[in-house]
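Which chain is which? The protein sequence lines are A and E, in order. Counting from 4, one number per residue, gives the positions in the first sequence under our numbering. Counting from 4, one number per residue, gives the positions in the second sequence under our numbering.
These are computed hints drawn from the structure, not numbers from a lab. A few of these clues could be false.
Note that the list lumps identical chains together, so a pair holds whenever it fits in one copy or between two copies.
Stated by the list, open to error - Cut-off 25 Å, straight-line C-alpha distance, at most; resulting in silico cross-link-like pairs (DMTMM-like, lysine to aspartate or glutamate):
#1 Lys81 <-> Glu259
#2 Lys326 <-> Glu217
#3 Lys81 <-> Glu232
#4 Lys300 <-> Glu20
#5 Lys326 <-> Asp11
#6 Lys300 <-> Asp315
#7 Lys81 <-> Glu325
#8 Lys326 <-> Asp315
#9 Lys326 <-> Glu259
#10 Lys81 <-> Asp281
#11 Lys326 <-> Asp154
#12 Lys326 <-> Asp281
#13 Lys326 <-> Glu298
#14 Lys300 <-> Glu257
#15 Lys81 <-> Asp34
#16 Lys326 <-> Glu257
#17 Lys326 <-> Glu32
#18 Lys326 <-> Glu37
#19 Lys300 <-> Glu265
#20 Lys326 <-> Glu265
#21 Lys300 <-> Asp11
#22 Lys326 <-> Glu78
#23 Lys300 <-> Glu246
There are 2 protein chains.
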Amino acid sequence: MTQTAIADLVSRLRAGETRALARALSLVENDAPEAPALLSACFPHTGQGLRIGVTGAPGAGKSTLVDRLARAFREAGKTVGVIAVDPTSPFTGGAILGDRIRFREHQTSGSGESVGDSGFYLRSMATRGSLGGLALATADVALVLEASGKDVLLIETVGVGQDEVEIARLADITLVVLVPGMGDEVQSLKAGVMEIADIFVINKSDREGADRVEQEIRGLQSLVTNHPERTPPVVRTTATTGEGVPALASAVGELEQWLRQENRLTGRRTQHWRRRLDAMLRTELMRRARQNGFEAKVLQFHAARIASGQQDPWQLIAQLTEKVFHPDNSS
Amino acid sequence: MTQTAIADLVSRLRAGETRALARALSLVENDAPEAPALLSACFPHTGQGLRIGVTGAPGAGKSTLVDRLARAFREAGKTVGVIAVDPTSPFTGGAILGDRIRFREHQTSGSGESVGDSGFYLRSMATRGSLGGLALATADVALVLEASGKDVLLIETVGVGQDEVEIARLADITLVVLVPGMGDEVQSLKAGVMEIADIFVINKSDREGADRVEQEIRGLQSLVTNHPERTPPVVRTTATTGEGVPALASAVGELEQWLRQENRLTGRRTQHWRRRLDAMLRTELMRRARQNGFEAKVLQFHAARIASGQQDPWQLIAQLTEKVFHPDNSS
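Looking at chain A on its own, in the form it has when it is part of the complex:
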């Protein structure tokens, strides 16, 4: 794509063309060659949207909760983008489950014609493959969605594992969703998600054990360091009926107001960009390295030799990177 074609795609997606948006999202999600230029063209149109991360254990009802929250924001007149990050198979490249049917009723079609609510867009993410790739791809998708004019971005992830913590860190506001009686709650809090919570949600709170979960959260809040001056509120919801969702939306609104004061939002976004620059740099260095002696077949050849004990991997890496950084002193 030429620079002109990219500029054209961006102005079409900004004008509300669903087809252009879908195309742009696919380009960045697949890390196409034109992705950097496209993201660069989207960048000036971002900065106003609010990113809300929704994370929690599998089975916590996050999808239903995100659905309800999306409706609440739409009813308040805001446009909404949803990014559902399903960790998918590294082997098949496809998610085992893809049960996003309930979203259909307010999703727009990919044909450029709006079949439902044009102020809403849902994107289900697959993994980009490499470690860290998923977080970066999600960040890129969020940026394009924001550039398309969405006021609120809801990013749903499974909150167990480093990648998911990383994705949650994209967000301006992170909701950590817990449920009563799901095995050993404390066990499922191991993964560092407690520390990134701005708001705790006890979903399925009509179930027995909601009090115990709340107690556990209160007990752990001494560990929370995201904003030491503000204790994260605990909101109870039953996403299937919608109960508690207005209270949750209010809690988000209050927090947003607080964050927009005293530059807290910019501070958080600086930390986000600091980490994202690192990931972008890593990706770009690897891309260039693959053109400078680290071609896939070279690595495959060496991997086989290492696996049979014929080559020392640390010596190999030292030699190869030396060549990348000092191509003229090649041996």
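Position chain E relative to chain A; hints supplied.
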């Protein structure tokens, strides 16, 4: 440390000095400057040990199962190393839970004196921080443990998320642990762990619902692609009582025998090294980049400018990497 000191440390850990082993493990886990040389010195003493990954949802009883398996291997005369990978807080750097007390009775002390079983060593891993760092650190720790003469390495991880799938891929054999009645089982199978299973374990199989879990596994096995010619067996255990553990140890033994035939083990390890070379390369490139224009404070400065919309991150990365690869054409 000098090369001589490193060689000395390696010969001491190979002679069974627990203190030397603990020191070496800390050096590689913390990615100390001498880590590459140390790993390189350990490398010739590896290749014989068997790596067994044990992965599954939080609360599946993996730690107890690993404990039982370790005992079974010890009773069969094999030396055992255990690596427990607890995803820890990215903020505090410490695990919320550290309940490894039950391992104490056969753990050796860090003082160089064996207070228990000297053929056993347990290492609890913290995260190395960056994305992908945990998988790499675990691989490094496994290599040092193997060089110390452990016949079997048990690597325990929470099986949800990309990082954990990555860690499971270190293993020669991967056990995926499921339990009856833990919320929605199918939900918790999303993360791509089903495809990496060589053996399925239904732990806590005295609970109601074991049949249903087994049915679900059998239903999904058409997806399993690790060794298409071999359907992963399903073994039921109750780790707390030890029931089914001998059957599991036998299943592992049979699989090991099968893998050692026809070079299958080397094939799998080549794939492992192919991925690990990628991760090592990434790490080394970043290390060098940080010495060539990507110092932390430079990135911090740019992150703040990006967060307030004053700088385009994609243009920045292109400019900075250009400088790394062509330092002489600096602008």
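Hints, verified against the model:
| no. | hint | result |
| --- | --- | --- |
| 1 | Lys81 <-> Glu259 | within (14 Å within a copy, 58 Å between copies) |
| 2 | Lys326 <-> Glu217 | neither (56 Å within a copy, 52 Å between copies) |
| 3 | Lys81 <-> Glu232 | neither (29 Å within a copy, 53 Å between copies) |
| 4 | Lys300 <-> Glu20 | neither (41 Å within a copy, 41 Å between copies) |
| 5 | Lys326 <-> Asp11 | neither (40 Å within a copy, 31 Å between copies) |
| 6 | Lys300 <-> Asp315 | within (18 Å within a copy, 34 Å between copies) |
| 7 | Lys81 <-> Glu325 | neither (52 Å within a copy, 41 Å between copies) |
| 8 | Lys326 <-> Asp315 | within (17 Å within a copy, 30 Å between copies) |
| 9 | Lys326 <-> Glu259 | neither (49 Å within a copy, 39 Å between copies) |
| 10 | Lys81 <-> Asp281 | neither (32 Å within a copy, 43 Å between copies) |
| 11 | Lys326 <-> Asp154 | neither (47 Å within a copy, 37 Å between copies) |
| 12 | Lys326 <-> Asp281 | both (22 Å within a copy, 16 Å between copies) |
| 13 | Lys326 <-> Glu298 | both (13 Å within a copy, 21 Å between copies) |
| 14 | Lys300 <-> Glu257 | neither (54 Å within a copy, 33 Å between copies) |
| 15 | Lys81 <-> Asp34 | neither (29 Å within a copy, 47 Å between copies) |
| 16 | Lys326 <-> Glu257 | neither (54 Å within a copy, 45 Å between copies) |
| 17 | Lys326 <-> Glu32 | neither (31 Å within a copy, 27 Å between copies) |
| 18 | Lys326 <-> Glu37 | between (28 Å within a copy, 21 Å between copies) |
| 19 | Lys300 <-> Glu265 | between (52 Å within a copy, 23 Å between copies) |
| 20 | Lys326 <-> Glu265 | neither (48 Å within a copy, 36 Å between copies) |
| 21 | Lys300 <-> Asp11 | neither (38 Å within a copy, 37 Å between copies) |
| 22 | Lys326 <-> Glu78 | neither (58 Å within a copy, 50 Å between copies) |
| 23 | Lys300 <-> Glu246 | neither (56 Å within a copy, 47 Å between copies) |
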